[in-house]
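Chemist: Next come the chains, spelled out residue by residue.
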Amino acid sequence: MCTSARPANLEDRLWNRKIRVQHDRFFLKWHATRQCLSFRTLLHRLRSQPFAAAFLITTFLFANIHATNAAEKFPGVGRTAIPAEIKAWDIDVRPDFKGLPAGSGSVQKGQKIWESKCASCHGTFGESNEVFTPITGGTTGLDAVSGRVASLRGDANPGYPQRTTLMKLSEMSALWDYINRAMPWDAPKSLAADEVYAVTAYILNLGDIVPADFVLSDRNIAEVQAKLPNRNGTKLFLPLWDINGRGDVVNFACMKNCKVDVNITSSLPDFAKNAHGNLADQNRLVGATRGVRTDSSTEASDAPLPGKARNPNATSGKDSREISGTESVAPLQAGQAAALAKQYSCVVCHAANAKLVGPSYNDIAAKYKGDATASDKLIAKIRSGGAGVWGAIRMPSHATMSDAELKALVHWSLAGGN
Amino acid sequence: MRIDVPLEERSLANEVTDADGIAARNAALSPMGLGRLRRAPEGFLNASQIADVQAGRRGLLRHALLSAAGLTSLSLNSSFARPSLDAKAVPTVDPRGDPNILEMPEHTKSLGQPVAARGYGMPSIWENNLQRRESPGLTRVGAAGVSFCPLQGLFGIITPSGLHFERHHHGWWDIDPRKHRFMINGLVKNPKVYTMDDLMRLPSVSRIHFIECGANTGMEWGNVAVPTVQYTHGMLSCCEFTGVLLSTLLDDCGYDKMNGKYLLAEGADGSGMTRTISIDRALDDCFVAYAMNGEMLRPENGYPLRLVVPGVQGVSWVKWLRRIEVGDMPYATKDETLHYVDLMPDGIQRQYTSIQECKSVITSPSAGQMLLDRGYYNITGLAWSGRGKVKRVDVSTDGGKNWRTAKLETPILSKCFTRFSISWNFDGKPSLLQSRAIDATGYVQPRLNQLREVRGSRSIYHNNAIQTWRIASDGEVSNVHLG
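These protein sequence lines are chains A and B, in that order.
Numbered per the numbering used here, the first sequence spans residues 41 to 458.
Numbered per the numbering used here, the second sequence spans residues 289 to 771.
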């Protein structure tokens with residue numbers, strides 16, 4: 041009897057009736073006596089406490105009596121979280137700024153952090169569209185008055201080519217929280233709270249939301265919220281949030297002679313047919329259909345030949361066990377460097393023979409040709425970040441790469457990405 | 289007669305000897321002709337040619353074929369004048385029988401591989417074409433990118449684990465399950481920490497659910513942008529997930545039933561993905577999953593723990609799940625404020641648009657494919673609804689003027705793929721294939737311009753429009769929008 045679990049909702053019902061005090065007092069008394077009383081004795085003792093009696097009888101019948109927590113349904117599973125653990129993980133900031141740590145940061149300080157840790161991806165003024173969509177742009181002083189960004193409207197003329205962060209942003213908490221939890225891109229959660237305030241202030245200044253001498257803090261962030269250009273630009277749309285909602289678009293299931301326009305208004309232009317690669321190679325070799333050949337090659341499909349091993353790195357697949365670069369892993373092969381370049385997003389800024397944000401691998405190879413110290417120099421440079429030798433945007437540091445990975449990448453880069 | 293000839297056996301060394309063989313060469317002229325035979329059109333050979341074949345004078349026909357392959361103008365009849373780049377791959381049939389039958393292959397006459405040659409089995413090398421793929425230019429950083437599931441080649445309702453679509457916001461990791469922790473805090477009597485050991489000891493459920501990114505088909509709001517169903521609909525998968533119901537865990541922590549209205553789910557990856565879930569959804573059928581399709585989750589899908597939020601867009605299925613907080617208001621996280629908001633024509637962004645409404649798509653035949661021939665086809669596809677079960681799927685071959693109700697395969701489960709199919713004869717007439725799903729609430733999947741009338745064309749998210757595939761007279765299938 042004492043081993044079966046008590047229905048979980050019983051205690052909750054009692055809890056909600058705010059009888060916690062009786063409950064606790066009763067349990068203390070009961071435990072102080074002993075864990076197993078005779079039924080007759082129980083009845084006698086509880087005659088003057090009918091509510092507690094009802095509880096105890098139910099408990100007696102169903103409960104698993106536990107010395108520390110009578111409500112436990114799954115004894116031995118899980119444990120109470122320690123306050124320090126909750127503090128370490130509970131970092132979210134809500135729209136009412138609950139969770140926001142105390143602190144402050146100036147636009148000026150934010151600019152310094154920005155230039156060393158953020159500008160390489162986002163551009164000096166948060167305007168870059170190279171690696172991520174722009175953070176700034178598309179907002180006006182009028183927007184700040186209305187709290188609605190005009191360039192988001194469908195009839196906006198002219199509109200704005202990109203939907204920037206500041207155009208869409210309706211909650212300050214989201215901006216602060218996201219920088220705090222996920223930025224910088226290559227070292228998330230590395231900024232101190234004051235640094236997050238500073239970077240946030242810098243972004244707000246780029247958007248003309250706060251002046252250049254502004255210091256953002258937990259005390260004035262609500263005032264900044266009231267200045268956001270798109271603070272009134274979002275709406276909870278219940279029908280798509282509620283499982284029982286009715287959608288906003290209605291169709292009827294007409295079956296015969298339905299009045300529909302069957303003119304083709306859009307199709308893929310010929311030049312785009314091969315943009316996703318040869319479709320013949322993306323369909324099965326047997327079945328009711330074949331993929332359409334969209335490239336100009338005269339070769340048969342590059343289907344595998346019998347006995348040819350499947351290459352796990354053939355397309356987007358990577359085998360992390362091969363490239364995770366732990367000590368126990370064998371030295372990296374040069375052939376894996378291309379996968380590393382993709383893994384560490386090097387290819388976002390570097391291509392084999394075209395300058396993107398950074399120099400091409402061919403240009404790197406040409407510059408360091410014959411330089412015996414090139415390998416060591418480049419390893420140090422990739423690890424700690426560049427100085428802007430090739431252009432205005434500096435390469436960020438890549439501190440998480442292992443020695444073996446760096447060596448393989450540099451070797452590969454000095455060979456022009458081959 | 290339809291015979292597939294493995295690539296290495298495609299050769300003109302075999303003689304072209306009969307009408308099927310010639311028809312096969314003709315088939316090879318088309319873009320899809322590799323490796324199969326087409327029936328000869330009636331009257332393709334004139335009487336004297338037939339007499340030549342019957343008399344064993346095959347050389348002339350063979351010569352004509354070689355000439356065609358060599359891009360010369362020498363021809364037997366006018367149709368032979370069309371040069372073929374693929375003619376060298378013409379499969380042939382010997383009148384004495386198919387060599388694939390008569391000449392027993394190596395696998396029939398010698399010893400194969402032993403057991404456990406591969407400790408964890410892999411698909412056949414012949415299936416290499418079906419891969420998760422990226423859409424070029426869609427995202428610029430692979431660690432915050434998407435790979436699409438090859439729906440065009442899948443069967444039934446279960447997505448193979450290795451082909452499940454991917455969407456990462458800060459790259460994927462293969463986390464040591466012994467070190468992974470899951471915490472519940474906030475409005476609970478007893479904030480708790482669970483190890484994987486703890487979670488895997490608890491009562492579990494195994495349920496099959498679809499998962500669809502809110503941005504699935506997002507590239508198609510304005511115009512046709514991508515060539516195949518893999519890219520139009522491939523941010524979509526359906527698997528059996530196993531794990532512990534959130535109701536079990538929330539009860540275990542004694543959540544505040546009076547004030548706990550929302551949950552925040554948070555991932556352990558760099559992005560620390562955070563999403564708000566209503567407590568009603570959470571208690572209904574959400575669970576923390578550690579397994580998928582009978583094995584542990586794949587790293588790309590959140591190993592060792594992810595959230596399953598049936599019917600709700602994939603971003604809420606937080607991967608590498610580390611924490612759930614019970615709260616009393618929505619959290620307006622970055623991915624509920626800057627992204628995953630539906631931009632309306634008036635410039636308002638709809639927030640918390642979570643439910644994936646009823647939707648369907650024909651996966652075979654689908655764009656970027658070529659029908660083998662005229663004749664019989666089993667049109668098949670997938671239907672799903674975030675509000676419950678699929679009740680009915682209709683299929684049109686004339687762009688939506690007339691519809692027939694398709695057959696639904698079992699099982700038909702709530703918030704799960706339902707496979708539908710319907711018979712069709714392709715007679716060479718250009719056709720416009722569509723499917724239209726209706727769910728248990730009576731909601732009918734809308735046409736694209738019905739969606740646009742209400743939501744404009746810049747929403748990015750939640751495009752559940754009826755998809756049209758055009759079939760040209762030569763059997764090529766392409767992605768089109770109708771007026």
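Everything labelled a hint here was simulated from the structure, so no lab data went into it.
Misleading hints may appear alongside valid ones.
Here are the simulated DSBU-like pairs of lysine-lysine, each with C-alpha atoms no more than 35 Å apart in a straight line [as the list claims (entries may be wrong)]:
{"hint": "1", "chain 1": "B", "residue 1": "LYS717", "chain 2": "A", "residue 2": "LYS296"}
{"hint": "2", "chain 1": "A", "residue 1": "LYS229", "chain 2": "B", "residue 2": "LYS717"}
{"hint": "3", "chain 1": "B", "residue 1": "LYS677", "chain 2": "A", "residue 2": "LYS299"}
Chemist: None of the hints should be skipped; say for each whether it holds.
Modeler: Evaluated hints:
no.: 1; hint: B/LYS717 / A/LYS296; verdict: holds (20 Å)
no.: 2; hint: A/LYS229 / B/LYS717; verdict: violated (60 Å)
no.: 3; hint: B/LYS677 / A/LYS299; verdict: holds (28 Å)
Going through the hint list in order, the structure does not satisfy hint 2, though it satisfies all others.
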